[in-house]
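Asker: Chains as they are written, first to last, in the numbering used here: chain P, 1 to 490; chain W, 1 to 490.
Hints listed in this document are in silico derivations from the structure and should not be mistaken for laboratory results.
Keep in mind that this is a model prediction, so the values were computed, not measured.
Treat the hints loosely; a few may be bogus.
Which copy is meant is left open, so a pair is good if it fits within one copy or across any two.
To be verified - Straight-line C-alpha distance at most 25 Å; calculated SDA-like pairs for lysine to any residue: (1) 427 x 471; (2) 4 x 381; (3) 433 x 198; (4) 57 x 298; (5) 77 x 442; (6) 233 x 403; (7) 24 x 59; (8) 295 x 53; (9) 112 x 151; (10) 77 x 406; (11) 77 x 108; (12) 21 x 144; (13) 77 x 169; (14) 249 x 104; (15) 309 x 170.
There are 2 protein chains.
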Amino acid sequence: MAEKITPRDKDYSQWYLDVIKSAKLADHSPVRGCMIIRPNGYALWENMQAGLDGMFKETGHQNAYFPIFIPQSFLAKEAEHVEGFAKECAVVTHSRLMLDDEHGLIPDPDSKLEENLIVRPTSETIIWHTYSRWIQSWRDLPILLNQWANVVRWEMRTRLFLRTMEFLWQEGHTAHATEEEAVEETLTILDVYSKFAEEYMAVPVIRGIKTASERFAGAVDTYCIEALMQDGKSLQAGTSHFLGQNFAKAFDCQFQNKNNELEYVWATSWGVSTRLIGALIMVHSDDKGLVLPPKLAPTQVALIPIYRKDEERVSVLEVASRIESELKAAGIRVFVDDRDAFRPGWKFNEYEVQGVPVRLALGPRDVEGATVEVARRDTGEKTTVNQSDLTAHIQELLETIQQGLFDKALAERESRTTEVDSYDEFKTVLDEKGGFVRMHWDGTAETESQIKEETKATIRCIPLEDYDEDGIDPVSGKPSKGRVYYARAY
Amino acid sequence: MAEKITPRDKDYSQWYLDVIKSAKLADHSPVRGCMIIRPNGYALWENMQAGLDGMFKETGHQNAYFPIFIPQSFLAKEAEHVEGFAKECAVVTHSRLMLDDEHGLIPDPDSKLEENLIVRPTSETIIWHTYSRWIQSWRDLPILLNQWANVVRWEMRTRLFLRTMEFLWQEGHTAHATEEEAVEETLTILDVYSKFAEEYMAVPVIRGIKTASERFAGAVDTYCIEALMQDGKSLQAGTSHFLGQNFAKAFDCQFQNKNNELEYVWATSWGVSTRLIGALIMVHSDDKGLVLPPKLAPTQVALIPIYRKDEERVSVLEVASRIESELKAAGIRVFVDDRDAFRPGWKFNEYEVQGVPVRLALGPRDVEGATVEVARRDTGEKTTVNQSDLTAHIQELLETIQQGLFDKALAERESRTTEVDSYDEFKTVLDEKGGFVRMHWDGTAETESQIKEETKATIRCIPLEDYDEDGIDPVSGKPSKGRVYYARAY
Numbered sequence: 001m002a003e004k005i006t007p008r009d010k011d012y013s014q015w016y017l018d019v020i021k022s023a024k025l026a027d028h029s030p031v032r033g034c035m036i037i038r039p040n041g042y043a044l045w046e047n048m049q050a051g052l053d054g055m056f057k058e059t060g061h062q063n064a065y066f067p068i069f070i071p072q073s074f075l076a077k078e079a080e081h082v083e084g085f086a087k088e089c090a091v092v093t094h095s096r097l098m099l100d101d102e103h104g105l106i107p108d109p110d111s112k113l114e115e116n117l118i119v120r121p122t123s124e125t126i127i128w129h130t131y132s133r134w135i136q137s138w139r140d141l142p143i144l145l146n147q148w149a150n151v152v153r154w155e156m157r158t159r160l161f162l163r164t165m166e167f168l169w170q171e172g173h174t175a176h177a178t179e180e181e182a183v184e185e186t187l188t189i190l191d192v193y194s195k196f197a198e199e200y201m202a203v204p205v206i207r208g209i210k211t212a213s214e215r216f217a218g219a220v221d222t223y224c225i226e227a228l229m230q231d232g233k234s235l236q237a238g239t240s241h242f243l244g245q246n247f248a249k250a251f252d253c254q255f256q257n258k259n260n261e262l263e264y265v266w267a268t269s270w271g272v273s274t275r276l277i278g279a280l281i282m283v284h285s286d287d288k289g290l291v292l293p294p295k296l297a298p299t300q301v302a303l304i305p306i307y308r309k310d311e312e313r314v315s316v317l318e319v320a321s322r323i324e325s326e327l328k329a330a331g332i333r334v335f336v337d338d339r340d341a342f343r344p345g346w347k348f349n350e351y352e353v354q355g356v357p358v359r360l361a362l363g364p365r366d367v368e369g370a371t372v373e374v375a376r377r378d379t380g381e382k383t384t385v386n387q388s389d390l391t392a393h394i395q396e397l398l399e400t401i402q403q404g405l406f407d408k409a410l411a412e413r414e415s416r417t418t419e420v421d422s423y424d425e426f427k428t429v430l431d432e433k434g435g436f437v438r439m440h441w442d443g444t445a446e447t448e449s450q451i452k453e454e455t456k457a458t459i460r461c462i463p464l465e466d467y468d469e470d471g472i473d474p475v476s477g478k479p480s481k482g483r484v485y486y487a488r489a490y
Numbered sequence: 001m002a003e004k005i006t007p008r009d010k011d012y013s014q015w016y017l018d019v020i021k022s023a024k025l026a027d028h029s030p031v032r033g034c035m036i037i038r039p040n041g042y043a044l045w046e047n048m049q050a051g052l053d054g055m056f057k058e059t060g061h062q063n064a065y066f067p068i069f070i071p072q073s074f075l076a077k078e079a080e081h082v083e084g085f086a087k088e089c090a091v092v093t094h095s096r097l098m099l100d101d102e103h104g105l106i107p108d109p110d111s112k113l114e115e116n117l118i119v120r121p122t123s124e125t126i127i128w129h130t131y132s133r134w135i136q137s138w139r140d141l142p143i144l145l146n147q148w149a150n151v152v153r154w155e156m157r158t159r160l161f162l163r164t165m166e167f168l169w170q171e172g173h174t175a176h177a178t179e180e181e182a183v184e185e186t187l188t189i190l191d192v193y194s195k196f197a198e199e200y201m202a203v204p205v206i207r208g209i210k211t212a213s214e215r216f217a218g219a220v221d222t223y224c225i226e227a228l229m230q231d232g233k234s235l236q237a238g239t240s241h242f243l244g245q246n247f248a249k250a251f252d253c254q255f256q257n258k259n260n261e262l263e264y265v266w267a268t269s270w271g272v273s274t275r276l277i278g279a280l281i282m283v284h285s286d287d288k289g290l291v292l293p294p295k296l297a298p299t300q301v302a303l304i305p306i307y308r309k310d311e312e313r314v315s316v317l318e319v320a321s322r323i324e325s326e327l328k329a330a331g332i333r334v335f336v337d338d339r340d341a342f343r344p345g346w347k348f349n350e351y352e353v354q355g356v357p358v359r360l361a362l363g364p365r366d367v368e369g370a371t372v373e374v375a376r377r378d379t380g381e382k383t384t385v386n387q388s389d390l391t392a393h394i395q396e397l398l399e400t401i402q403q404g405l406f407d408k409a410l411a412e413r414e415s416r417t418t419e420v421d422s423y424d425e426f427k428t429v430l431d432e433k434g435g436f437v438r439m440h441w442d443g444t445a446e447t448e449s450q451i452k453e454e455t456k457a458t459i460r461c462i463p464l465e466d467y468d469e470d471g472i473d474p475v476s477g478k479p480s481k482g483r484v485y486y487a488r489a490y
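I would like the entire structure built from these sequences, with the hints used as guidance.
Answerer: Structure below.
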């Protein structure tokens, strides 16, 4: 009946793919590295979009849309940016196919483009070209735009949701009159991302700054949120970049400030992507399949009617339908699965695998006794509830589950965050326990890359909280200003 | 202060572009033929998406996402399809750029793809490839999917919203066990499109079937909705295709039916795009700028506070804020423009140009008398309303405006729909009056193409209503089964 899910402790990577397949979230596509997001996965993305979009709008942002194609020459204008993206971009060179007698369908040589177009890997270049036309004076600032879009980065080793050649994301691009205001924007967005991760996804995150080597190509500072997966690896869940005046200079975007002087515009950019779905799966799910936090679950409650005889069917479905109306009226996303082609056992399994937070079962005896069986997906706990108390019970239960998932993930992260003061201990913890390792760092790229080479662990971030503490980097023996977060990462 | 809008009767094309520019809906981009959708335009698109998406979901559809790239060989599998799209597609041939000493940035020859990828012009091929893996039995049917996506068609003559190289759209792709069910789906969607056009956009549409020459490449039948623009030209606003078994055969998608026989799956596809924004502009707007139907307007009510002295400012803004809360609580999208950097006159003009349906002005005398000045964008009419009656008044007014715009557009279309029985009359009407011309057609491609060549008018559709009436095609003299809709078109 059910497709088998490989247990996490046997093969974590295979478990991840099995959960995605069983829960019908995504599928591989005939184009290597591109994924097909199936309805269950896309509904999850829609809920994530709605949550984030609301927060962007509350903080004064508007949506817009910029072209998918970027002229090749644009990419070259910001030196670090081209360095970062040139090696992984889809290049459009022709605008027509033709039938060739010998080779079949080929790009029509006469349609070769004068300038190649790049499928956007990110949109800073085309947006800053545009901003340079839109911005003349301080009155035109700030510009606070976001776009929901697809982007393409030619990754060689791909993995559903976590790293795909094409992915869906939002990218914010803002323009400001002062450095201070731009930095503040970067941090506002980092707050939005943290809040979304913790309150919607129930995923606790560490907020911090990337080291120079892990920075976005073209940024002055990259802020990030990092989350810990169940296999002890870290995943970068969102980034917010302070771009300084780098792109304004590359695209000659100046404005007249209040003192009538020409000045380059200050910039930020920030994004989260369908990668968040990968994080969601890896933080909460178990060997039975997907586990979803109620706030994001497309279906929060699945009701499964149980009956044998026709007269049972009528009375059970009548009550089911009443319960459905009541829950819907309370704003709960409920689905009554009254399909006769599938048996209750099959349905129980289906909603377990798909991570529906609450399952209700309603049989003839429940109709008689005015009760419902309520089962939690996260703990497996079952209780019998009076129908008259059901809506209030479910409302509370959904909140309990949401909070429970967060608490569990936080406890897991805390138990797997280790402070170490020697390089030997560092290596032992990484190999035996995994998770975040907090160790003093001397601030040099040399030490960072030595550790990366020797242990495959990277500095996930210099944390914004609990950082200032003088110490000694145990690897170099040099002084350090605080402990950073190291981990092996996705 | 205001940018000048060319009057419609002077230069309709320029008027259209001026309205888009003044209302800040879209902008040209550095990539020829691609547009930048600005926040005002994108907010409109978001409202259109919300309306349509709700209707798709009510009719049982789910959203999903398929890759942007299509292997070149896929395009070739359906003969008519490749014929229709090969000449206008963006071809990706390389996956990397490199720095060449002589030529600067060039596609890395070592990254040449084994098989070229096409940026999707539409997704039938990749979706039917996928469906052939998903569908085995009648139990797997129907599949009712939609995706919101960007597509690329390499158009040579482009125009903001109406015809752009990249555009945003939704494309539905459904799979069915029987021909009857697929045809029914095609018509369900045609109903959704008509309802959306008429009830949300306030744009009356003719529902019909395309002739063979105007059919979608690969369809058995293309159903469409056609709308009349103010310059007397028709615009195809949405299409719903019955694809028969063409794509199932091309991608070998068979299923076991209830009699245990293998059968090819029946298909439909359907789409509307950002082109609808072009239609919306061209049906309702006037020489002063954009006119928006309240149901889709991002801002339905703009309130402009008026004051000179500081104490006036305080009392006016206090009342403004109370009105804002009341209107918001009633679900009305209101914006209080309390920016001191702009003067009331500038604001009045701004919201007129941007098509905000209702403008409120609130000054010190209004505060004293507990009144508000209410101005309609569509008719220019101004009234003074008591603050206590305001919310109810506005609710009713928004409905009146919505209906008024539809009625006006319908009257315009009816006055410009002419029945003719001779080819001379046909030509005279086309040249002098424009609009739809209803004339008998003998059903042959010869007559259709002769008329197109001689008059540039095409058969917009064979209407679903008021069609059956025997007659004579005045051009060929042959018998006809009914009058079709001719028009010059976008």
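Asker: Next, verify each hint and record whether it holds.
Answerer: Evaluated hints:
1. In this assembly of identical chains, the alpha carbons of residue 427 and residue 471 lie at most 25 Å apart only when taken from the same copy (19 Å versus 90 Å across copies).
2. Proximity of residue 4 to residue 381 under the C-alpha cut-off of 25 Å is restricted to the intra-copy arrangement: shortest distance 22 Å within a copy versus 68 Å between copies.
3. Taking identical chains as interchangeable, the C-alpha atoms of residue 433 and residue 198 lie at most 25 Å apart only when both belong to the same chain, with a minimum of 24 Å there against 62 Å between chains.
4. For a Cα distance limit of 25 Å, the shortest separation of residue 57 from residue 298 qualifies both inside one copy, at 22 Å, and across copies, at 13 Å.
5. For the homomeric pair residue 77 and residue 442, neither the shortest alpha-carbon distance inside one copy (33 Å) nor that between copies (60 Å) is at most 25 Å.
6. In the homo-oligomer, the alpha carbons of residue 233 and residue 403 lie at most 25 Å apart inside one protomer (23 Å), although the nearest pairing across protomers, at 58 Å, exceeds that limit.
7. Proximity of residue 24 and residue 59 under a CA criterion of 25 Å is satisfied inter-copy only: 22 Å between copies versus 34 Å inside one chain copy.
8. Both within a single protomer and between protomers do residue 295 and residue 53 lie at most 25 Å apart by alpha-carbon distance, with minima of 15 Å and 21 Å respectively.
9. For the homomeric pair residue 112 and residue 151, the shortest alpha-carbon distances inside one copy (23 Å) and between copies (20 Å) are both at most 25 Å.
10. For a Cα distance limit of 25 Å, the shortest separation of residue 77 from residue 406 qualifies neither inside one copy, at 44 Å, nor across copies, at 49 Å.
11. For a Cα distance limit of 25 Å, the shortest separation of residue 77 from residue 108 across copies, 19 Å, qualifies, whereas the shortest one inside one copy, 30 Å, does not.
12. Taking identical chains as interchangeable, the C-alpha atoms of residue 21 and residue 144 lie at most 25 Å apart only when they sit on different chains, with a minimum of 20 Å there against 38 Å within one chain.
13. Taking identical chains as interchangeable, the C-alpha atoms of residue 77 and residue 169 lie at most 25 Å apart only when both belong to the same chain, with a minimum of 24 Å there against 32 Å between chains.
14. Only between protomers do residue 249 and residue 104 lie at most 25 Å apart by alpha-carbon distance; the minimum there is 21 Å, versus 47 Å within a single protomer.
15. Neither within a single protomer nor between protomers do residue 309 and residue 170 lie at most 25 Å apart by alpha-carbon distance, with minima of 51 Å and 44 Å respectively.
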